[in-house]
Amino acid sequence: MTGYRLDSTINMGSLIDRRKSLSFTFNGTRYKGYEGDSLASALLAEGVMVAGRSFKYHRPRGVFAADSQETNVIVQLETGAITEPNLKATQIELYEGLVARSVNCWPSARFDLGALIGLIKAFMPAGFYYKTFMWPSWHLFESTIRRAAGLGLSPIQPDPDRYMVQHATCDLLVVGAGPAGLMAADQASALGMRVILADDKKQSGGSLLWNGQEVGGEKGQVWAKNKAQTIKKNLLSQILNRTTVVGYYDHNFLLAIEYLPNATGHSPRQKLWKIRAGHVILATGSFERPLVYAGNDLPGTMLNSAIIHYVNAYGVAPGECAVIFTTNNTGYETARVLTAMGVTVRAIIDTRAAVTCEKQAWANEQGIIIYPHTVIKTAKGGKAVRSVQIEQIGGGKCLTLECDLVGLSGGWNPAVHLFSQSGGKLEFDDRLATFIPTTSAQDVTSVGSAKGAFDLGTCLLQGRDAGLAAAASRGFVGESTEVPEFEQWDKTDQDMMWTVPETSLSSAFVDFQSDVTAADIGLAAREGFVSVEHLKRYTTLGMGVDQGKSSNINAIGIMGDLTNRTPEKVGTTKFRPPFTPVTMGAMAASRPQGELLRPRKYMPGHNWHISKGAHMLDYGWQRPSHYPIAGETMQQAALREAKNVRNAVGVLESSPLGKFEVMGADAGKFLDHIYVGTMSNLKVGSIRYGLMLNEHGTIIDDGVVAKLSDGHFLLNVSSGHADRIMDWLEEWRQCEWPDLDVVIQNVTHCWGAITLAGPNARAVLTALGCDIPLKNDQFPHMRWRMGTLSGFDVRIFRVSFSGEVSFEINIPSNHTVELLSRIEVEGKAYGLAPYGIEALDMLRIEKGYLLIGTDTDSSTIPQDIGFGRAINKKASDFIGRRSLKRETALSDDRYHLVGLMSDQMMQSGSHILDQNKKSRGFITSACFGAGVLRPIALALLRAGHDRMGEKVTLYTQGTESAATVCQAVHFDPDGEKLND
Amino acid sequence: MSKYSIFSLVKGAADGHMKWPLMWRAPDLKPKYDVVIIGGGGHGLATAYYLAKVYGIRNVAVIEKGWIGGGNTGRNTTIVRSNYYYPESAAIYDFSLRLYEGLSQDLNFNIMLSQRGELTLAQSPEAVEIQQRQVNAMRLNNIDAEYITVAQLAQLEPLLNLSPNSRFPVLGGTLQRRGGTVRHDAVAWGYARAADRLGVDIIQNCEVTGFKRNSLGAIEGVETTKGTVLTSKVGMAVAGHSSVLAARAGFRLPVSSFALQAMVTEPVKPTVNTVVSSLMTGVYISQSDKGELVIGGMLDRFPSYGQRGSFATTEAVLAGILEMFPCFSRLRIMRQWAGIVDYTHDSSPIIGPSPVPGLYLNCGWGGGGFKAIPAGGYCLAHILATGVSHAFAEPFSLDRFRTGALIDEAAAAGIEH
Amino acid sequence: MHYIDCPWCGLRDESEFSYGGPADLIRPTLADDVSDQEWADYLFTRDNPCGEHHERWVHTFGCGQWLRLVRDTLSHKILRVDVLRKKQNIFPNITDERGI
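Chain order of the listed sequences is S, A and G.
All the letters of the first sequence, read from the start, carry residue numbers 0 to 979 under numbering that gives the first Met the number 0.
All the letters of the second sequence, read from the start, carry residue numbers 0 to 416 under numbering that gives the first Met the number 0.
All the letters of the third sequence, read from the start, carry residue numbers 0 to 99 under numbering that gives the first Met the number 0.
There could be a bad hint or two in this list.
Under the rule of at most 20 Å between Cα atoms (straight-line distance), these lysine to any residue pairs were calculated in the SDA-like manner [stated by the list, open to error]: (1) K289/A / T438/S; (2) K2/A / F122/S; (3) K29/A / F210/A; (4) K600/S / F210/A; (5) K76/G / T438/S; (6) K270/S / C326/A; (7) K120/S / K29/A; (8) K2/A / H166/S; (9) K268/A / F122/S.
Residues from chain G that keep clear of chain A, each with C-beta distances beyond 10 Å, as calculated [unchecked claim]: (10) M0; (11) P27; (12) L42; (13) P48; (14) W56; (15) H58.
Please keep in mind that the hints were generated in silico from the structure rather than gathered at the bench.
Backbone N, C-alpha and C fix where the C-beta goes; we use that ideal spot for every residue, glycine too.
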């Protein structure tokens with residue numbers, strides 16, 4: 000037990016509320032904390048030292064950082080449907096009843112059997128798995144390794160929570176509400192800019208919330224609060240707290256995630272912000288680096304900034320007896336804070352040879368011993384650090400100091416992640432010993448410690464000036480705000496040390512989570528993995544859930560040392576979004592999901608069909624597949640319905656059929672370009688069938704064109720392709736033939752369509768009361784007429800997809816149901832029954848009417864379905880025409896559309912074999928023919944037009960059967976019924 | 000310790016792993032090579048390896064502009080499979096998978112081939128028919144594809160959303176048991192190490208800036224940022240940057256470059272057993288041995304050489320994943336990136352002669368290049384060594400665009416892997 | 000995420016638009032009587048530059064109009080957006096210059 004909560008008389012803790020006590024459970028034990036605690040601070044306060052285990056060697060680990068940099072304490076939060084793996088304990092706000100467990104350890108973090116792996120650690124250097132597990136095969140080892148890998152557990156129930164999206168545009172987005180960000184946002188908003196200030200913490204203030212500095216004569220925290228108030232008062236500006244900006248994309252598009260605490264019921268849990276910013280100011284702060292020496296991962300080892308954070312913000316002393324190890328001045332502030340709280344600071348180990356007198360004097364006053372030009376060579380301990388061995392650089396004095404807390408500061412890395420994502424360039428700064436942002440690729444400015452300014456004064460000033468400049472660049476001018484007075488401490492005077500000299504590299508950790516040691520980096524260098532990307536991939540460095548925030552720069556430095564290159568030459572790995580891991584639920588929040596993934600399309604007569612007992616399926620539209628009568632299967636129902644069409648009359652709603660009006664003086668000319676056939680010479684009142692090709696000659700749709708009047712055509716296109724064809728027609732009209740006088744309007748949804756098909760269809764129309772002469776010679780096949788039917792204005796098209804006499808009635812959508820009902824009543828006497836898509840499919844297959852995309856594929860050209868002659872007759876050009884003259888198009892071994900007959904039912908997808916059991920074709924549609932009363936099919940068969948009457952072998956998942964090739968038209972080949 | 004095994008690891012442990020040799024040397028560029036290969040990705044390195052091993056041509060340089068395996072080889076979703084529809088595709092991709100199956104032993108480098116099965120869901124009656132047609136074709140082509148039922152799917156992937164009430168309910172699927180994943184970096188490194196041992200020079204951080212041609216227009220050498228090197232045969236395997244290189248050689252290609260994204264979640268304990276893909280939403284998912292869920296999907300919708308990807312695609316991909324696995328909504332995405340892939344109109348590759356004599360192409364793999372690395376390398380090596388196309392590569396010539404003999408797998412695959 | 004300045008609608012998000020191929024392809028007509036290779040070049044062969052690219056987009060979820068963009072395929076910067084129209088100019092303040 001070393002960490003403890005400080006007495007409230009010494010330190011209240013600036014972020015916690017000691018009046019509100021909370022209880023929580025961690026690894027099965029109940030603990031107490033306060034409102035405002037993070038899970039990590041509460042664990043430290045309760046003296047929990049071993050709070051997690053590392054990924055590879057299962058080494059005991061304790062709290063290391065205080066923010067998104069945390070690499071050690073990774074937990075599974077809650078259980079059941081709301082469980083969430085791999086959260087950093089430092090980022091979990093404590094709440095009453097919280098339940099969490101350390102991930103990847105068993106039975107517990109304190110006693111983890113997985114740690115036995117440490118016994119064979121020597122055989123497991125970086126990338127060892129590339130060198131072994133090959134014999135007899137990787138498969139033998141894989142499942143064991145898979146089970147050992149992974150951190151937490153995935154939820155296995157659907158997420159009960161909701162996520163939402165919010166779009167925002169602003170003149171200026173400021174990321175980070177620390178001193179620099181607040182100054183920038185305040186300045187810009189004062190000048191009238193629309194500002195969004197986003198910060199990942201509950202309160203604005205950034206480092207001022209915990210580092211105890213004063214600004215403008217008041218506590219930093221208070222100053223920040225007031226500043227935030229000022230910004231919020233401006234109605235054009237807003238501050239988003241608990242909001243992490245995670246992605247910086249092209250054209251100043253940024254993503255942020257707002258965490259909404261206490262989400263219940265329908266209130267969302269996380270909100271995805273999509274922000275389009277005129278300018279962006281990155282005031283994202285910086286991350287402290289650990290130091291690399293043997294045993295630097297023992298619980299009780301912590302970043303110096305984290306120690307200050309826990310003391311000031313949470314009133315927690317992370318230990319009772321500390322040794323501070325530093326390359327810069329941060330260590331002295333840590334010592335000062337700890338001493339003030341009554342924690343013994345045994346020594347400050349400073350790598351610098353010359354330490355400025357001022358600090359020395361202060362430490363001496365406090366009775367703290369400073370060891371200049373000295374390092375911690377080794378830390379000792381079992382499940383927590385017990386002592387450190389220190390040694391002067393270059394040999395000499397060696398000493399062991401007992402302690403239970405080691406504070407580390409190896410320098411500071413600006414949080415350049417977003418800047419790098421934006422395309423900005425980084426440069427290594429020798430003085431600061433880190434990478435800093437230089438050239439921007441977008442409208443973005445970095446300020447404060449995110450730019451390498453590690454002192455408060457510069458942060459405040461840079462923030463203000465960046466706000467001014469951003470405003471000026473977008474035309475907002477005015478007075479500049481005042482930079483407050485501040486308490487100065489300089490963190491810039493610092494030493495560059497990537498590994499402690501002479502330390503044992505194999506237990507000197509660089510990436511704590513993935514257990515990558517300095518020795519591993521050495522091995523990578525020896526084996527040639529000297530590129531930083533190779534290093535990362537070979538050692539898995541920086542691939543953990545902390546995304547390398549603590550490890551990357553140290554690794555680059557170490558690799559540089561090993562290969563005699565500057566860190567600049569080694570370079571950084573690419574910074575990829577997201578900045579911190581983001582739930583898939585939030586990332587996909589603005590995409591329609593579930594039922595809305597693709598909204599269902601309903602026909603005007605939908606409810607009528609339901610009332611007739613229809614079984615509805617999704618055919619692009621919700622349509623009746625069949626209308627089963629008690630006990631019927633789909634096949635039985637469809638066969639009955641199809642027979643009824645052949646023998647009496649059936650009614651089908653065909654509203655989904657695509658209907659486009661094409662108008663203009665050049666409409667005919669335009670359609671001649673579009674269709675394989677000629678449409679310009681069509682007569683008013685007539686209808687013509689046509690194929691549409693793409694430029695590759697492939698058939699993309701078929702349908703009929705009716706000429707309504709001069710310069711006015713109505714196109715019917717397949718229901719499933721309608722939207723795509725509409726876009727395609729527009730593209731040709733606008734891009735290739737913009738000079739043609741033609742407009743196209745999609746009127747699909749304006750019209751309901753009802754098809755009456757069968758020998759009695761005409762009689763039903765007559766019974767309904769129709770003023771259009773209906774006799775075959777007055778209204779033959781492939782004509783259309785306008786008139787009234789049962790009192791409704793209608794257009795009737797005599798077209799057929801069933802092979803029967805068929806009338807397709809177009810009626811304004813809102814009258815569709817009424818007309819359907821009247822048809823039902825009047826049709827009764829003629830044996831009328833509704834038929835569904837399955838029956839329609841039977842009817843059209845037996846008639847050899849093809850369905851584009853089903854009976855054709857991406858290589859089918861008009862010749863293959865018997866349209867070769869139509870092309871030769873046409874004089875003018877059309878889309879795809881030239882492709883029909885290429886070598887392969889003229890081959891005599893093309894796939895032709897044919898029919899197949901068999902005694903047995905055939906199946907779509909079966910292949911047609913040659914003697915060598917190679918595929919020569921396949922069945923595209925198959926059914927039992929309602930008219931011919933035997934199994935039939937359509938198929939694409941190589942050179943099929945020359946193989947009529949041949950017997951062929953069909954192949955279906957290992958079984959073979961026989962069939963005979965025949966014409967595609969199985970039923971009424973001469974069209975006697977059609978033209979009756 | 001130049002041969003890898005459990006014994007060499009034990010030996011390595013004894014001396015603190017201080018004696019492991021370089022996996023590949025860092026040689027200087029020689030003035031002349033028998034063959035120069037542009038592109039140190041999987042395809043280029045495999046080409047060099049097979050040239051040296053199978054065809055005995057060892058005076059070979061692989062020239063890489065950055066670091067080996069840094070292009071699409073190191074940026075993909077690591078899927079391997081050979082369940083292709085057309086016989087031409089099935090032949091070359093299955094050749095590739097067979098080479099993968101022996102590759103760890105062949106290279107003495109564990110590439111971690113994990114044949115956990117590749118699953119494609121059928122989510123409409125039409126998809127069921129098409130998949131049945133495809134399974135029949137694949138079986139006739141000796142590919143181990145099976146059409147499986149929803150009940151079988153439930154066994155294979157217990158977390159998969161198989162509710163009949165989904166917007167697009169799963170009605171069945173196609174499984175190739177030999178499909179799965181491979182550790183992508185290991186493929187580049189394994190080939191590099193094996194090629195290096197056979198004498199191939201791997202030159203990193205060296206960019207090809209131009210081509211030297213003789214009076215007949217044939218290749219005489221290449222110009223690089225490290226000087227000019229003479230050679231009469233050049234193989235080009237630079238994926239998304241093929242058009243850029245072709246322009247330097249004075250011709251154009253029938254390819255367009257797009258960004259193809261991938262992303263991973265934080266690592267979790269085993270939860271996805273196979274590689275699962277949905278043609279309906281165009282997304283796919285598998286789990287790496289480290290525990291991360293590896294996710295991919297459709298291309299970004301516009302040409303790009305920026306290796307980052309548009310968020311519009313990212314969110315669409317993730318929505319598709321949540322359709323398949325609603326329980327993953329609380330898992331977090333940890334990294335997202337993109338590779339630049341070169342698409343032909345028929346989504347099939349180009350392997351064979353270019354318009355410039357002596358310059359041979361290996362490009363146009365689109366999103367499917369990783370699974371084809373062994374075969375792509377083998378076939379490019381074959382034509383570089385013999386001057387004629389390997390039988391498996393013959394249908395994939397540049398000339399097919401003139402004749403119209405396209406091999407349109409887009410219709411058959413419908414998705415980038 | 001591109002931000003495209005549609006000449007008809009103003010600045011709109013990438014997700015409203017669809018890319019539609021290179022802008023300046025000349026379609027050979029029947030009368031041109033081109034060879035198979037020339038036809039293949041029109042259908043398939045592309046500059047595919049890493050850098051400035053002239054391409055057409057359509058404002059699918061907006062005005063439905065086709066536009067002509069000059070865009071950098073590496074940086075994704077949009078250098079120019081024009082109306083893709085040859086014929087009449089119904090909005091005289093918008094430059095109408097297909098084919099430059």
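Taking the hints in turn, this is what the structure says about them:
1. K289/A / T438/S: Roughly 36 Å separates the two Cα atoms, so the pair is violated.
2. K2/A / F122/S: Given pair K2/A, F122/S holds - Cα atoms ~16 Å apart, limit 20 Å.
3. K29/A / F210/A: Since the Cα atoms of K29/A and F210/A sit roughly 16 Å apart, the hinted pair holds (cutoff 20 Å).
4. K600/S / F210/A: With a Cα-Cα distance of about 57 Å, the restraint between K600/S and F210/A is violated, given a limit of 20 Å.
5. K76/G / T438/S: 16 Å, holds
6. K270/S / C326/A: 19 Å, holds
7. K120/S / K29/A: 42 Å, violated
8. K2/A / H166/S: 57 Å, violated
9. K268/A / F122/S: 24 Å, violated
10. M0: Since the minimum Cβ distance to chain A is about 5 Å, M0/G lies within 10 Å and the statement is violated.
11. P27: Holds, because the least Cβ-Cβ distance between P27/G and chain A comes to about 14 Å, which exceeds 10 Å.
12. L42: Violated: least Cβ distance 7 Å, not greater than 10 Å.
13. P48: Label violated. Min Cβ-Cβ 7 Å, cutoff 10 Å.
14. W56: 8 Å, violated
15. H58: Per Cβ check, H58/G is outside 10 Å of chain A; nearest 14 Å; holds.
Hints 1, 4, 7, 8, 9, 10, 12, 13 and 14, counting from the list given before, are not met by this structure.
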